[in-house]
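Residue numbers (numbering that gives the first Met the number 0), protein chains in the order written: chain A, 0 to 332; chain B, 0 to 332; chain C, 0 to 208; chain D, 0 to 208.
Be aware that a few hints might be false.
What the hints assert, rightly or not - Examples of chain C residues toward chain A, derived with CB under 7 angstroms:
hint	residue
1	A16
2	E20
3	N21
4	S30
5	G76
6	I117
7	R119
8	K121
9	K175
10	S179
Simulated from the structure, these hints should not be mistaken for lab results. For each residue, glycine too, the CB sits at the ideal point set by N, CA and C.
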Amino acid sequence: MKKLINKPEDVVVEELHGIEAAHPDLVKVHYEPNYIVRADAPVKGKVALVSGGGSGHEPMHGGFVGLGMLDAACPGAVFTSPTPDQMLEATKAVNGGAGVLHIVKNYTGDIMNFEMAADLARGDGVEVESVVTNDDVAVKDSLYTAGRRGVGITVIVEKIAGAAAERKHSLKEVADIARQVNDNGRSMGMALTSCTVPHAGKPTFELGDDEMEIGIGIHGEPGRTRMKLKTVHEIVEMMASAIVDDLPYKSGDQVLAFVNGMGGTPLIELYVVYNELHNFLKGRGIKIARNLIGSYITSLEMAGCSITLLELDDQLQALWDAPVKTPGMRWGA
Amino acid sequence: MKKLINKPEDVVVEELHGIEAAHPDLVKVHYEPNYIVRADAPVKGKVALVSGGGSGHEPMHGGFVGLGMLDAACPGAVFTSPTPDQMLEATKAVNGGAGVLHIVKNYTGDIMNFEMAADLARGDGVEVESVVTNDDVAVKDSLYTAGRRGVGITVIVEKIAGAAAERKHSLKEVADIARQVNDNGRSMGMALTSCTVPHAGKPTFELGDDEMEIGIGIHGEPGRTRMKLKTVHEIVEMMASAIVDDLPYKSGDQVLAFVNGMGGTPLIELYVVYNELHNFLKGRGIKIARNLIGSYITSLEMAGCSITLLELDDQLQALWDAPVKTPGMRWGA
Amino acid sequence: MTISRDAVLDWLKAFAATINENAAYLTQLDSDIGDGDHGANMNRGMQAVLTALPGVADKDVGSIFKTVGMKLVSTVGGASGPLYGTMFMQMGNATAGKMELTLDDWVAAVQAGYDGVIMRGKAQPGDKTMVDALTPGLAALKGQRDNGAAIPEALNAAAAATRQGMEATIPLVARKGRASYLGERSANHQDPGATSSYYLMKTAAETWK
Amino acid sequence: MTISRDAVLDWLKAFAATINENAAYLTQLDSDIGDGDHGANMNRGMQAVLTALPGVADKDVGSIFKTVGMKLVSTVGGASGPLYGTMFMQMGNATAGKMELTLDDWVAAVQAGYDGVIMRGKAQPGDKTMVDALTPGLAALKGQRDNGAAIPEALNAAAAATRQGMEATIPLVARKGRASYLGERSANHQDPGATSSYYLMKTAAETWK
Ligand SMILES: Nc1ncnc2c1ncn2[C@@H]1O[C@H](COP(=O)(O)OP(=O)(O)O)[C@@H](O)[C@H]1O
Ligand SMILES: Nc1ncnc2c1ncn2[C@@H]1O[C@H](COP(=O)(O)OP(=O)(O)O)[C@@H](O)[C@H]1O
Ligand SMILES: [Mg+2]
Ligand SMILES: [Mg+2]
Ligand SMILES: [Mg+2]
Ligand SMILES: [Mg+2]
Chain A
0 MKKLINKPED
10 VVVEELHGIE
20 AAHPDLVKVH
30 YEPNYIVRAD
40 APVKGKVALV
50 SGGGSGHEPM
60 HGGFVGLGML
70 DAACPGAVFT
80 SPTPDQMLEA
90 TKAVNGGAGV
100 LHIVKNYTGD
110 IMNFEMAADL
120 ARGDGVEVES
130 VVTNDDVAVK
140 DSLYTAGRRG
150 VGITVIVEKI
160 AGAAAERKHS
170 LKEVADIARQ
180 VNDNGRSMGM
190 ALTSCTVPHA
200 GKPTFELGDD
210 EMEIGIGIHG
220 EPGRTRMKLK
230 TVHEIVEMMA
240 SAIVDDLPYK
250 SGDQVLAFVN
260 GMGGTPLIEL
270 YVVYNELHNF
280 LKGRGIKIAR
290 NLIGSYITSL
300 EMAGCSITLL
310 ELDDQLQALW
320 DAPVKTPGMR
330 WGA
Chain B
0 MKKLINKPED
10 VVVEELHGIE
20 AAHPDLVKVH
30 YEPNYIVRAD
40 APVKGKVALV
50 SGGGSGHEPM
60 HGGFVGLGML
70 DAACPGAVFT
80 SPTPDQMLEA
90 TKAVNGGAGV
100 LHIVKNYTGD
110 IMNFEMAADL
120 ARGDGVEVES
130 VVTNDDVAVK
140 DSLYTAGRRG
150 VGITVIVEKI
160 AGAAAERKHS
170 LKEVADIARQ
180 VNDNGRSMGM
190 ALTSCTVPHA
200 GKPTFELGDD
210 EMEIGIGIHG
220 EPGRTRMKLK
230 TVHEIVEMMA
240 SAIVDDLPYK
250 SGDQVLAFVN
260 GMGGTPLIEL
270 YVVYNELHNF
280 LKGRGIKIAR
290 NLIGSYITSL
300 EMAGCSITLL
310 ELDDQLQALW
320 DAPVKTPGMR
330 WGA
Chain C
0 MTISRDAVLD
10 WLKAFAATIN
20 ENAAYLTQLD
30 SDIGDGDHGA
40 NMNRGMQAVL
50 TALPGVADKD
60 VGSIFKTVGM
70 KLVSTVGGAS
80 GPLYGTMFMQ
90 MGNATAGKME
100 LTLDDWVAAV
110 QAGYDGVIMR
120 GKAQPGDKTM
130 VDALTPGLAA
140 LKGQRDNGAA
150 IPEALNAAAA
160 ATRQGMEATI
170 PLVARKGRAS
180 YLGERSANHQ
190 DPGATSSYYL
200 MKTAAETWK
Chain D
0 MTISRDAVLD
10 WLKAFAATIN
20 ENAAYLTQLD
30 SDIGDGDHGA
40 NMNRGMQAVL
50 TALPGVADKD
60 VGSIFKTVGM
70 KLVSTVGGAS
80 GPLYGTMFMQ
90 MGNATAGKME
100 LTLDDWVAAV
110 QAGYDGVIMR
120 GKAQPGDKTM
130 VDALTPGLAA
140 LKGQRDNGAA
150 IPEALNAAAA
160 ATRQGMEATI
170 PLVARKGRAS
180 YLGERSANHQ
190 DPGATSSYYL
200 MKTAAETWK
């Protein structure tokens, strides 16, 4: 295992120390339980957004705390959902009196821990709503299963709902906008390499030199199919058509296109992916009105990418364009 | 070789197509010869900044074209200096009448190609100054050698000189500020893995599972020493003390600290590095007044990091804080 | 024969030790069909539980179990944190005030814990989760109790049934938890949570004999 | 015997073919002590030169060389682009207007090209660059000319000396170019640019015999 770390068990806390030292103007870090809040929390009269999940997906979620995005993020151990006490304390710390929205990725652990935290917070008199993201078309959806994973759309939900909260929309309105984003968003991911969880010490899965894994999640889980490596043209076609056909996105639609690196993918490749995606969508009559290209929701050092599309309307586009000032995403401020 | 590409020989042009499709509001792309200019070029009465170098270091340089940073970037083949005709055309395209500054990393190829381009541009009546960056303390400096490589400081020179140009400083003033940044900046890099140049098809160097390479450059060149993998605490101590002792940076100094990922390093590790660097500098009485953490000057998918320090004064700090709006670096706008 | 408060503490220590010894194995099982952290998760939780036990050494069994449950909830995270945490908290409710447990008390505790896992995780038998290990284990325990078995006998039978339930997860295609994302590829692997649940019943049988 | 304009074109084609055949080898040499692109760089340049040759087929040797130089400058990049480009442009200056070359003309051309490389790259013999191959090559050529040798003889001697110069780069520690960053570790490797320079002299000897 080759990593820039000291001991596997110290990675998350040392990362938090790094974030605290780097961004005192933007965030404050609380330890035991661990959570990150924006420097000016709680913001009176504003709906507060709390998210969280396992570590190893940086900049998500801790890098998205700040003006126009999250009020708090709760980092768990690497790839492990944080615990209800983290979420409860974070929820109380950022509650500005207008209620708190929990943004939860659809994983059994995240759902259950946030559920317990929300129950406890409500018991303490805090108004809490939860929005679950589940945009991964690689997973078959059914009433009898855990359902689709929450992946790339989570970043966009946090940005857009964060902008809505900044405009002092009510808790119900912010939650509805978050749900609208999730409902109109779809994603799919692929990996060229596995990642190595620090405390596991070896790659989660093994891939041959000429193989790739299609339909991976963000936790180094193997995907649904393994196949021979293909050209980026073929890879994007596979992923984008699965996404486009699922919602479906139709000719004439305006979308936000998000090309995401999994942590070990260089930007040069992401632009090559974006070029293919641009051409693919053009062929389907779909217009990219906004885009985001970079490594925003990652799986440690995994090489690979994911594609997320969101159907935009005027309101969502304006909220996307609104100022954001966080360690991991910044514009207009 | 596992990459999200079609054919090795098409990577750079397809990347340029991706950049062109993604950022029409910020940049325009010209082909044959290849260069990227800001969308509103030439800016009348402003000194224009032109940089360039081999591709594979994204977001540098193409991602730094825009308000407050570069006016043009010339991408060469992967890890190969661009050619004089690219630089000449880019220079003429962005010349707003106040002269053009060439920002050149100190590599034989870059120096010679930019030299030829500057001669040609002067022949065409354009006023050109050149600034060479050479901040890599891993390389022994001497009159008889090629001298130190230009690495991390290049990003900071482009940002700070870009801000100075935006304030309508003269060509000489902008060049002097750029040289001041270079003179007060020092860097060092290390690698956990090699990278693979697309047309070479296999890793430039081989590292054992328990080895790392210290003192690498940004072209997948092997470094000066290979050693057993150490903790991040020890690695940062080695790199930071080489940097600090070189200028030297002294107790009481205010610095900009730049922790850079080489392309395949996840952000979680960069924050762990930053935490160590913060503690190291604190121990030396050096205060980090500003920081930059992320993958800004990369070597394809190489895993590893570099550290750059710049001694700040009030002017440099104000120029660093000034608005910048490019695909790869953005704040205040 | 009854199970004393001290015996309960001994069981918890034995369970923590077994989890510790098998952490790498549990993580390996979870790497195959999940995200490779089940062993680390459970070990982190049970080590935290060990540090909390001295504080409740003189408390009733219900308080001990509730403390264990809360500790697990606040230190494990993931799916197993709320599931094992809820299990122990519900076992605590069912044994509130008791300084020792009869077989009936133990059956009621396991039933309450089991119901808590179902309430929290909404899994059904056959979904390839810890529920597949616990369901036959609980059934065996009740059967033994109804037949008037002694505690060691009943616990041995429950452990054996739990083990069978654990092994029966191997051919299943997961419908809950992370393993469900793998679809058909989740078959031919033993569920990690079912395995840690087997350790729970096995260490009880080994401790209370 | 003189070297006709057509023979010059044949030499350039032979050089391009040799670079193409040995591109992977040159890149391998450059991977060891540089950045692994010298073969790709030279090949990209010489392939571009091939497409430009028909346009100057009826021109004088000076024009042919200048076109080659400009094509190399605009397509190669890196260190070798300006170096080989300047070399050919200076060779073009030295042969302006000539429709064929005597041995004296050729010596003057190589001397001019060599001076261009030194002017552009400021390397000295012993720095472990292409200069180390060209220096003995040029010296041998001049010696042969002074001794009244015929063209084939002179070229063969020059190629042999260039080869020795190339091989002599192996033990050197680089002081110029990327290899210099390796310090002592650059020793025990043959310089890629010295190798491509050997191909230049070797293909001349093989073509003009
Ligand atoms: N809905 C559920 N109900 C019951 N048990 C479940 C459920 N989901 C997952 N599990 C159990 O949790 C185990 C995984 O736990 P763990 O790896 O610690 O958490 P995570 O899946 O969050 O990484 C699975 O092996 C399974 O037995
Ligand atoms: N200053 C110099 N003078 C002469 N030749 C040089 C100089 N620097 C480098 N070279 C030659 O250039 C060769 C490398 O060329 P190439 O790999 O194409 O360019 P780059 O080093 O830019 O990648 C070296 O092997 C060496 O022979
Ligand atoms: Mg987990
Ligand atoms: Mg090169
Ligand atoms: Mg798990
Ligand atoms: Mg080279």
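Restraint: K121 of chain C near chain A, CB-CB cut 7 angstroms. Satisfied or not? violated, 9 angstroms
Can the hint on S179 of chain C be confirmed by a CB-to-CB distance to chain A that is less than 7 angstroms? holds, 5 angstroms
Holds or violated: K175 of chain C as interface residue toward chain A, Cβ cutoff 7 angstroms? holds, 5 angstroms
If you take the shortest Cβ to Cβ gap from N21 of chain C to chain A, is it below 7 angstroms? violated, 14 angstroms
When the least beta-carbon distance from R119 of chain C to chain A is tested against 7 angstroms, hint result: holds, 6 angstroms
Can we keep the G76 of chain C interface hint, with Cβ of chain A closer than 7 angstroms? Holds: closest Cβ of chain A sits about 5 angstroms from G76 of chain C, inside 7 angstroms.
Can we keep the E20 of chain C interface hint, with Cβ of chain A closer than 7 angstroms? violated, 16 angstroms
How about I117 of chain C: closest beta carbon in chain A under 7 angstroms, or not? violated, 12 angstroms
Would you settle whether the hint for S30 of chain C is holds or violated, based on the nearest Cβ-Cβ distance to chain A being less than 7 angstroms? It holds, given that the least Cβ distance between S30 of chain C and chain A is near 5 angstroms, below 7 angstroms.
Holds or violated: is there a CB of chain A closer than 7 angstroms to the CB of A16 of chain C? Violated - the Cβ of A16 of chain C stays beyond 7 angstroms from chain A, reaching only about 19 angstroms at its closest.
Comparing the model with each earlier hint shows violations of hints 1, 2, 3, 6, 8; every other hint is respected.
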